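Chain order of the listed sequences is D and V.
My numbering puts the first residue of the first sequence at 33, with every later residue one more than the last.
My numbering puts the first residue of the second sequence at 33, with every later residue one more than the last.
Hints in this document: simulated from the structure, not taken from any laboratory.
Quantities reported herein were computed from a predicted structural model and do not represent experimental measurements.
Worth double-checking, as some hints may not be accurate.
If chains are identical, the list can't say which one is meant, so a pair holds when it fits in one copy or spans any two.
What the hints assert, rightly or not - Pairs of lysine to any residue, SDA-like flavour, derived with a Cα cap of 20 Å: (1) K246 <-> A97; (2) K169 <-> A95; (3) K169 <-> P135; (4) K246 <-> S92; (5) K169 <-> K246; (6) K334 <-> D227; (7) K334 <-> S373; (8) K345 <-> P150; (9) K169 <-> R382; (10) K246 <-> C75; (11) K246 <-> P135.
Number of protein chains: 2
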Amino acid sequence: MSTLRQDPLTGRWVIMAASRGDRPNEFRLMQRDPDPGTHCPFCPGHESSTTPEILAIGRSSDAPANGTDWRMRVVPNRYPALRPGNESSSDAPESELPPEFFPSRSGVGSHEVIIYTPDHAAGLASLGESGLLELLKVLRDRSEVLSRRPGHKYISPFCNHGPEAGATLAHPHMQIIGTPELPSYVVDKAVRFADYRARTGGCLLCDLVAAEEKAGDRVICSNDRWTSLAPWASRFPWEMLLVPSGHRAYLTEADDDDLASLCEVLSFSLRGLASIHGDPSLNLVIHSAPLIPTNGEVFGDKRLDDLAYSPNKDFHWHLEIMPRLSRQAGFEVGTGFTINSVIPEEAARRLREEGS
Amino acid sequence: MSTLRQDPLTGRWVIMAASRGDRPNEFRLMQRDPDPGTHCPFCPGHESSTTPEILAIGRSSDAPANGTDWRMRVVPNRYPALRPGNESSSDAPESELPPEFFPSRSGVGSHEVIIYTPDHAAGLASLGESGLLELLKVLRDRSEVLSRRPGHKYISPFCNHGPEAGATLAHPHMQIIGTPELPSYVVDKAVRFADYRARTGGCLLCDLVAAEEKAGDRVICSNDRWTSLAPWASRFPWEMLLVPSGHRAYLTEADDDDLASLCEVLSFSLRGLASIHGDPSLNLVIHSAPLIPTNGEVFGDKRLDDLAYSPNKDFHWHLEIMPRLSRQAGFEVGTGFTINSVIPEEAARRLREEGS
């Protein structure tokens with residue numbers, strides 16, 4: 033017997049059908065090859081294969097840029113989805129078409145790559161708490177820089193690890209994209225945060241975590257600043273949601289102690305997943321509020337502009353980890369409805385056992 | 033240089049970045065094996081591997097059910113996401129939890145499989161117009177049956193073809209799922225149809241197709257009843273949108289002539305794709321309106337119930353074809369924002385040339 037669950041943060045419905053996990057699958061999942069071969073552009077010695085670095089960590093201060101001696105490098109994406117620029121000087125070429133049917137705008141934004149370890153075979157799970165902390169600080173600080181650029185409405189740090197997660201290079205890396213429009217899932221969440229506050233006066237995610245701590249069976253681990261959960265309506269098997277107990281809207285508001293506490297629960301959660309599944313393809317996405325419009329502008333999204341939406345009150349930043357151990361099929365990509373064959377309570381129980 | 037485009041039907045933003053298509057990819061796409069081997073449960077002779085058939089086409093009328101002599105079989109999914117049943121007798125087991133944070137309901141619904149050809153190596157593109165017509169009539173007629181079942185709010189016919197499209201079996205098949213809640217993308221569209229009608233008095237998709245016919249460069253093919261387009265804000269490279277010129281809300285309202293005309297543009301579009309890409313993994317999804325609530329009930333979705341939404345006025349049924357030639361990464365699954373490296377005008381031009 034299956035049940036339907038709705039994600040309180042997005043409104044999306046998920047079918048929980050454990051018996052679907054028993055069905056035969058003629059197609060195996062693709063794995064990441066831990067052997068770098070000779071051509072990996074992100075391995076040490078191949079620094080000239082990337083665009084010149086924005087910053088590097090671990091190199092002695094008198095060493096030249098783009099040399100081999102580093103623990104982490106940040107570079108502009110060589111094939112950027114969006115580029116920094118002047119909005120007004122690069123209007124969309126399609127502006128002569130009726131905007132009712134053909135809305136468009138120029139691709140102003142940012143796209144950076146964080147090569148967070150020289151070790152080709154590593155990953156977030158093997159980085160350890162000190163490596164994770166160094167990475168999270170860089171993500172926070174680069175997000176801060178990007179959020180001050182003109183025309184940026186949203187900053188999205190994310191990790192594509194392994195082929196099933198949409199990575200095109202095997203070497204461990206993260207990315208940050210800054211967009212000039214708001215992603216629809218972020219607006220979905222912001223609207224639900226605002227609606228909840230209008231009805232109750234509280235924060236949806238603060239209250240949800242309190243309810244989860246009380247229920248207990250979806251909690252993977254927690255400390256005094258963070259809780260890691262298998263979310264109620266997980267779209268992906270073994271999905272995880274990491275929430276700070278302090279109510280803040282942005283990653284950029286986290287202090288070093290917040291990030292150190294995050295590393296503790298993040299490391300525990302990822303070690304649990306690795307213990308069960310080895311080196312699975314996964315996405316990690318950090319979700320903050322839409323950036324506060326400057327110069328009295330509006331958000332530019334009708335759903336938010338019609339609300340009395342306040343980023344600092346109506347968003348609570350969080351991390352989402354989506355292991356890619358099944359593939360999104362037509363029902364999922366066509367309708368937004370999802371089928372999940374791993375019950376979150378069972379995932380949390382296993383992750384609690386294995387993560388220690 | 034990239035541009036951003038917004039899908040007028042859903043509000044989702046897509047980054048069009050042709051230069052991203054040049055980036056190296058260490059991970060090849062998985063292919064479907066056209067050799068059935070000995071174990072395919074959907075091949076003739078293995079009828080006992082499926083659940084007993086609901087109907088078969090092509091078998092002589094005096095032959096027993098579940099024999100080998102068929103052109104098409106419809107069977108209940110052996111591993112169903114949802115099952116028909118009595119809503120009130122199977123309340124969700126989680127009902128003691130606060131519904132604000134843990135909304136749920138029982139998994140009442142339908143899940144059928146249409147094995148649309150005995151030929152393991154075939155696919156929609158090789159079926160020909162007569163085979164496609166037979167399939168579409170079965171999808172329409174089964175949708176009609178499912179839409180009358182109690183508790184069903186939405187009927188979703190879809191195809192998962194090939195491993196990258198989430199298929200778990202290689203043998204060609206389609207599925208129909210009937211759900212007791214509305215998919216979020218369907219609600220997104222219905223709200224935008226209703227908003228457009230409130231502002232203009234017209235149908236968003238009727239008027240969009242007229243604007244596309246006028247612009248011309250995204251049209252793949254058309255006849256007097258159907259238009260096949262590369263949609264303005266395609267999320268997937270080589271995506272296609274097929275729209276009937278008659279304003280109707282449901283697949284179940286299509287007559288045989290409508291379906292025969294659809295087969296003409298569908299076959300042309302799929303042959304074009306096959307000519308360029310061989311046998312790519314793809315999803316096909318048929319989108320109709322939410323079912324009209326019976327007994328004076330409401331839709332059960334706040335966004336629709338707050339509107340003066342009318343299914344027959346505020347939806348226009350259509351087909352979506354999503355080739356899976358790139359993988360959805362963290363940015364896509366986490367934010368709903370998409371990056372597409374194949375410009376729709378270029379896709380339409382190639383498909384026009386190759387489809388004939």
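Which hints, by number, does the structure contradict? Numbers 1, 2, 3, 4, 5, 7, 8, 9 and 10 - these are the hints that the structure violates, sorted from lowest upward.
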